[in-house]
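Q: Each of the two chains sits in its own frame; use the hints to bring them together as a complex.
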Amino acid sequence: MAFNSKDTAAFKGVWVFCEQRDGVILGTGYQLLSEGRKLADDLGVELCGLLLGDKINQDYAKALGGYGADRVYICEHPLLKDYTTDGYTKVICDLVEEKKPEIFLIGATNIGRDLGPRVAARLNTGLTADCTHLDVDVAKYKDFLRTTSNIDVDNTKFEENQNLKATRPAFGGHLMATIICPDYRPQMCTVRPGVMQTAPYNEATAAKTVLETVAVKLDAADIQVDLVEIKKSAKKLVDLVGADVVVSVGRGISADPKRGLEIAEEMANVLGGVVGASRAVVDAGLIPADHQVGQTGKTVHAKIYVALGISGAIQHLAGMQDSECIIAVNKNGSAPIFDVATYGITGDLFKVGPMLTEAIAKYKASKV
Amino acid sequence: MKIIVCVKQVPDTSGKVAVKEDGTMDRAAMATISNPDDMNALEAALQIKDANPDAKVIVLSMGPPPTESMLRECLAMGADEALLVSSREFGGADTYATSSTLTAAIRKLGLEQGDIVFCGRQAIDGDTAQVGPQIAEKLGIPQVTYVTGIEYKDGQLTVRRELEDGYMTIKVKTPCLLTCIKELNTPRYMSVSGIVGCYAKPYEVWDFNALSGDPTITVETVGLKGSPTQVYKSFSPPVKGAGTMLEGADKATCEQLVSLLEEKHII
Ligand SMILES: Cc1cc2nc3c(=O)[nH]c(=O)nc-3n(C[C@H](O)[C@H](O)[C@H](O)COP(=O)(O)OP(=O)(O)OC[C@H]3O[C@@H](n4cnc5c(N)ncnc54)[C@H](O)[C@@H]3O)c2cc1C
Numbered sequence: 001m002a003f004n005s006k007d008t009a010a011f012k013g014v015w016v017f018c019e020q021r022d023g024v025i026l027g028t029g030y031q032l033l034s035e036g037r038k039l040a041d042d043l044g045v046e047l048c049g050l051l052l053g054d055k056i057n058q059d060y061a062k063a064l065g066g067y068g069a070d071r072v073y074i075c076e077h078p079l080l081k082d083y084t085t086d087g088y089t090k091v092i093c094d095l096v097e098e099k100k101p102e103i104f105l106i107g108a109t110n111i112g113r114d115l116g117p118r119v120a121a122r123l124n125t126g127l128t129a130d131c132t133h134l135d136v137d138v139a140k141y142k143d144f145l146r147t148t149s150n151i152d153v154d155n156t157k158f159e160e161n162q163n164l165k166a167t168r169p170a171f172g173g174h175l176m177a178t179i180i181c182p183d184y185r186p187q188m189c190t191v192r193p194g195v196m197q198t199a200p201y202n203e204a205t206a207a208k209t210v211l212e213t214v215a216v217k218l219d220a221a222d223i224q225v226d227l228v229e230i231k232k233s234a235k236k237l238v239d240l241v242g243a244d245v246v247v248s249v250g251r252g253i254s255a256d257p258k259r260g261l262e263i264a265e266e267m268a269n270v271l272g273g274v275v276g277a278s279r280a281v282v283d284a285g286l287i288p289a290d291h292q293v294g295q296t297g298k299t300v301h302a303k304i305y306v307a308l309g310i311s312g313a314i315q316h317l318a319g320m321q322d323s324e325c326i327i328a329v330n331k332n333g334s335a336p337i338f339d340v341a342t343y344g345i346t347g348d349l350f351k352v353g354p355m356l357t358e359a360i361a362k363y364k365a366s367k368v
Numbered sequence: 001m002k003i004i005v006c007v008k009q010v011p012d013t014s015g016k017v018a019v020k021e022d023g024t025m026d027r028a029a030m031a032t033i034s035n036p037d038d039m040n041a042l043e044a045a046l047q048i049k050d051a052n053p054d055a056k057v058i059v060l061s062m063g064p065p066p067t068e069s070m071l072r073e074c075l076a077m078g079a080d081e082a083l084l085v086s087s088r089e090f091g092g093a094d095t096y097a098t099s100s101t102l103t104a105a106i107r108k109l110g111l112e113q114g115d116i117v118f119c120g121r122q123a124i125d126g127d128t129a130q131v132g133p134q135i136a137e138k139l140g141i142p143q144v145t146y147v148t149g150i151e152y153k154d155g156q157l158t159v160r161r162e163l164e165d166g167y168m169t170i171k172v173k174t175p176c177l178l179t180c181i182k183e184l185n186t187p188r189y190m191s192v193s194g195i196v197g198c199y200a201k202p203y204e205v206w207d208f209n210a211l212s213g214d215p216t217i218t219v220e221t222v223g224l225k226g227s228p229t230q231v232y233k234s235f236s237p238p239v240k241g242a243g244t245m246l247e248g249a250d251k252a253t254c255e256q257l258v259s260l261l262e263e264k265h266i267i
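Quick mapping for you: the protein sequence lines, in order, are chains A and B.
Just so you know, the numbering used here puts 286 at position 286 of the first sequence, and the rest follows in order with no gaps.
Just so you know, the numbering used here puts 164 at position 164 of the second sequence, and the rest follows in order with no gaps.
Chain B on its own, in the form it takes in the complex (with noise of 0.2 angstroms):
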């Protein structure tokens, strides 16, 4: 069987973020990180992998070449190939886009009955939980989003979905492509053996011309021209007028705080 992971390298928003002049994101100027959910997706293929071991787990990013160092760590975690899809034609490209490319690339790889493709729910870029399900979609096969338990035995897979209130229990045919979040797994380390073959491992780029054949892939298609919606405008988030630090931190500060909430009409 084949487990496709899908897997992208995202800024790290939690720190301090570069904004430029334009109020673009200063992406250069900013570290980079392997997106945290498609970490649980790939600890979910590899444990899949570790109980069946003719599973072969591939490793998939769409993105600029340096995307390299993201997928030799995937490697070195004990993913068997990695693909990168890259080239000048695919950049610009929303989450449609996006999707296309990513599914051209994974009906090249190949998908039959049995074979899984995992997603993180969402990148913490943009945060959209679209990719996974517009690929779905455009392969024609069946998503759970939000999964936070997965059985597999006999070939047969039933998964746990997440809801605010709950959650749903659901069997789902393969091929079939599963998003993933934190609370179905905790990321396995690189091991040491890892990181030393991680550059012996198929290691493979895959750029426009390559994936041309596909007859939903041309120019129109993809990157900037190829994506439905556009910025219009971008800009910082509004800085709240600054508010009133009171005097000290004893019973009086509280009565006084009262007393402003009470002028305030607030309580």
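So here's chain A without its partners, still in its complex pose (with noise of 0.2 angstroms):
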């Protein structure tokens, strides 16, 4: 029988793109196979995993279920150890044909914002880019809507239905809308790297997961493209996302760059973090845009979150605003980030941010 996108009700499942590099699974598969747990237990449905790749190391597969999934779909084949947009859509589509998910979600990376278009047009069926949160359960949606909106929840009328209602920002930030695709199938999101929280590992689900190799159909015809080398930066990436302490700086450090650098560092330093950065900062390049926090950058949920001179622009506030405990340091006592700060310092960052620096290392000190 045909595939067809609009018979919702054959659909079942919640399924979980697990992307992976040179046979190492990104965070962003374990993040969102956190979050797909959640969606599948409302939904009372199987959670499977994704994973291509060429001889995948069975340990790694299992792992997945540590994380959440019931099910691991393995596709193995030489030509999809490396990333290619045909391969990946052809085996995926073929799969998702066969097995019919209800939910898919992709992690919004390089690659999964080249791969989730693609399937999402042959597939017939809608796609919503960078969610930030996933209900299936009306009354948890209201909830959400309750601590996070303006909409007054208790006089407005829902549907109730389990459709996946995928919330992300719109207009750089501006506005939140929430998107559904009640009619076609799979409800298809990408969620940003670091977005979701990864739940902690469990063993005891890790050992249960099923692990299913499918029987790939692939040949080089296939593959439009010819991938002629894959280089990567000789530097190591700073890991933002998983950072505890992420220490700032904004085009306030720009009277003298090296020296805000320098400040940022040995803070980051005596906080035991690392030193992220906004746009500013990037553009005028200060520091490599891996640093860069924001709508375009990385989104951090540190528990500590400095920003020295950085104004508070809408776009930089989506990637840091959910940090626990946010302290800004600004020349300019009504800059925006003050108010989404914790605690606010109206100063200049080249005398505050190294007596900073001091008092923390003098309190670390007094503790040993």
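It should be emphasised that the hints constitute simulated quantities derived from the structure, not laboratory data.
Please note that a few of the clues may not be correct.
What the hints assert, rightly or not - In silico contact screen, one side only, chain A against chain B (beta carbon under 10 angstroms); selected entries:
| hint | residue |
| --- | --- |
| 1 | A120 |
| 2 | Y141 |
| 3 | Q224 |
| 4 | A328 |
| 5 | K364 |
Said to hold, decoys possible - Below, computed lysine-lysine pairings styled on DSS-like, alpha-carbon distance capped at 30 angstroms:
| hint | chain 1 | residue 1 | chain 2 | residue 2 |
| --- | --- | --- | --- | --- |
| 6 | A | K157 | A | K38 |
| 7 | A | K12 | A | K217 |
| 8 | A | K142 | B | K20 |
| 9 | B | K233 | A | K100 |
| 10 | B | K264 | A | K331 |
| 11 | A | K6 | B | K138 |
As the list claims (entries may be wrong) - Not close to chain A: a few residues of chain B, all C-beta gaps over 12 angstroms, as computed:
| hint | residue |
| --- | --- |
| 12 | K49 |
| 13 | P53 |
| 14 | E68 |
| 15 | D80 |
| 16 | L109 |
| 17 | Y152 |
| 18 | V196 |
| 19 | G197 |
| 20 | Y199 |
| 21 | A200 |
| 22 | Y203 |
| 23 | E204 |
| 24 | F208 |
| 25 | D214 |
| 26 | P215 |
The C-beta atom is built at its ideal place from N, Cα and C for all residues, glycine as well.
A: Next up, the structure:
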């Protein structure tokens, strides 16, 4: 029978695409499985991880179970070793057409954002990009709105169904929109790295995961590009997403960028964290792009986020406002960063920065 | 050869944004700009034309009639022709329906071996990065996204695709679709002669009827009706509760902050 994305009743289960590079599964896969687990539980269905590659390490596949996958589909083929749009799209669409999941989540990495729309277009279904919150349960969605929106929840009508309600920022974060895809399946979403939290690894569920190897139909003629090489950047990338403490600098360092970065590094060292930056600093070429926090950079959930000389543009806030404790230092007492700050100091970062580092160092020294 | 560049006019979201009471964007109250990534796409097309003078660059947009101002600017930058796809039926489209309409327009323009379709990676109003790949799929041509380098020699196209941790070098057959990011190039300015000449260049508007010969285009497949995704609710993002502003900016202030962090078990 031909695949029909409008036959919504035929679709069941939640799937997560677990991207690997060089055989290593990216953190977004674990984050999305952790989130997908909640959706699958609310729906009472199976959660499946989807792993494409060549000679996949079975231990890695099994590990996906530790983050919640009931089942892992393993698609192995020499042509799947590295990502190509055509190869991955074909294999994934073949499997979706056969198994028919109702929800399909993909990490919004540079690769996920290439793959997602291609797959959705082939399956004739909708795709919601860069979601920050997902619900199937209406009561949970209402609770979410109560705490995060200006909607008068109790005087608003909600349709009682288990359609996926995918919330994302729109217009550069100035608005939030909840998107549904009621008449087509699978309901597809991408989610940016770091937006969802990884659940603790569970040995017991890992042991129960079913590994299912899929018969892959793919040959060279299916792939219309020729991947010449993949080059890794020589420099080790900063792990902003996984960091507990991020000390970020903004254009406020421009009077003496070298000293400004030094101040941030010293503070990050004392707090055991890493250095982040606003886009202004990245665009000025003062720090590589992997340090950028915000809408077009990384999303961090730090325990401590320090903003030195950052104005707090909405695009920057989008990447850090869910941090637990935000400390802002800015010369301008009415800078919007103070609207989200837990603690704010109006002052010059070149003076306050080193003093704060010293005070923290003194405190830490007193505890050893 | 033909180079088609998809461009979009977007509200300028970098400044203040007007939000209506019902939580939707007040587009009428906002300034519009040409979507930044799309200008990198146009520049890439113009550079290929600079080296291959027989190439024809066509800028294509879907949008309301005022989109003309952006398309004229593209002509002033050096594009040869502009095509606006505009009709009430196309309104309210999500990325899927938008890509169906643009695909039909590109098909009508005709794609041959050697031709290239360019898009920006994403538009700043929705930031989805979906329309480019969806067009490529519907046209059945290869795509490369996040392009930061293009080499076009003797009809052979080799591009560099950015990854978070490095890059890929990819040889791609034509016709193909490439989506561009700002690292690719710096868009040129309009020249004086370009501005003078932009009203003499071919400018066409295609409405629903102009595309309805395409079997994929019906009132059910375009605009709001042809969109699998729908906006369920929209709202303003939460404002965080006000935090504590500390007095002063000296050593005592820093020490006070550290004791607050200690009290709250933050450090
Ligand atoms: C589509 C789009 C996506 C974007 N994505 C991102 C993103 O992902 N991340 C991001 O950060 N931005 C992003 N931006 C840019 C964003 O809009 C702002 O332009 C940017 O965040 C500003 O950076 P800033 O705060 O460092 O600089 P500014 O806004 O210039 O602020 C500098 C601040 O430093 C203060 N200052 C100056 N000197 C001192 C001093 N000596 N001591 C203390 N304070 C001082 C000033 O008072 C000012 O508040 C995006 C923009 C667009 C349009």
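Q: Give a verdict on every hint.
A: The hints, checked one at a time:
{"no.": "1", "hint": "A120", "result": "holds (7 angstroms)"}
{"no.": "2", "hint": "Y141", "result": "holds (9 angstroms)"}
{"no.": "3", "hint": "Q224", "result": "holds (4 angstroms)"}
{"no.": "4", "hint": "A328", "result": "holds (8 angstroms)"}
{"no.": "5", "hint": "K364", "result": "holds (8 angstroms)"}
{"no.": "6", "hint": "A:K157 with A:K38", "result": "holds (24 angstroms)"}
{"no.": "7", "hint": "A:K12 with A:K217", "result": "holds (23 angstroms)"}
{"no.": "8", "hint": "A:K142 with B:K20", "result": "holds (22 angstroms)"}
{"no.": "9", "hint": "B:K233 with A:K100", "result": "holds (27 angstroms)"}
{"no.": "10", "hint": "B:K264 with A:K331", "result": "holds (26 angstroms)"}
{"no.": "11", "hint": "A:K6 with B:K138", "result": "holds (18 angstroms)"}
{"no.": "12", "hint": "K49", "result": "holds (23 angstroms)"}
{"no.": "13", "hint": "P53", "result": "holds (28 angstroms)"}
{"no.": "14", "hint": "E68", "result": "holds (23 angstroms)"}
{"no.": "15", "hint": "D80", "result": "holds (28 angstroms)"}
{"no.": "16", "hint": "L109", "result": "holds (20 angstroms)"}
{"no.": "17", "hint": "Y152", "result": "holds (15 angstroms)"}
{"no.": "18", "hint": "V196", "result": "holds (33 angstroms)"}
{"no.": "19", "hint": "G197", "result": "holds (33 angstroms)"}
{"no.": "20", "hint": "Y199", "result": "holds (32 angstroms)"}
{"no.": "21", "hint": "A200", "result": "holds (36 angstroms)"}
{"no.": "22", "hint": "Y203", "result": "holds (29 angstroms)"}
{"no.": "23", "hint": "E204", "result": "holds (26 angstroms)"}
{"no.": "24", "hint": "F208", "result": "holds (21 angstroms)"}
{"no.": "25", "hint": "D214", "result": "holds (16 angstroms)"}
{"no.": "26", "hint": "P215", "result": "holds (15 angstroms)"}
Checked against the numbered hints above, the structure breaks none of them.
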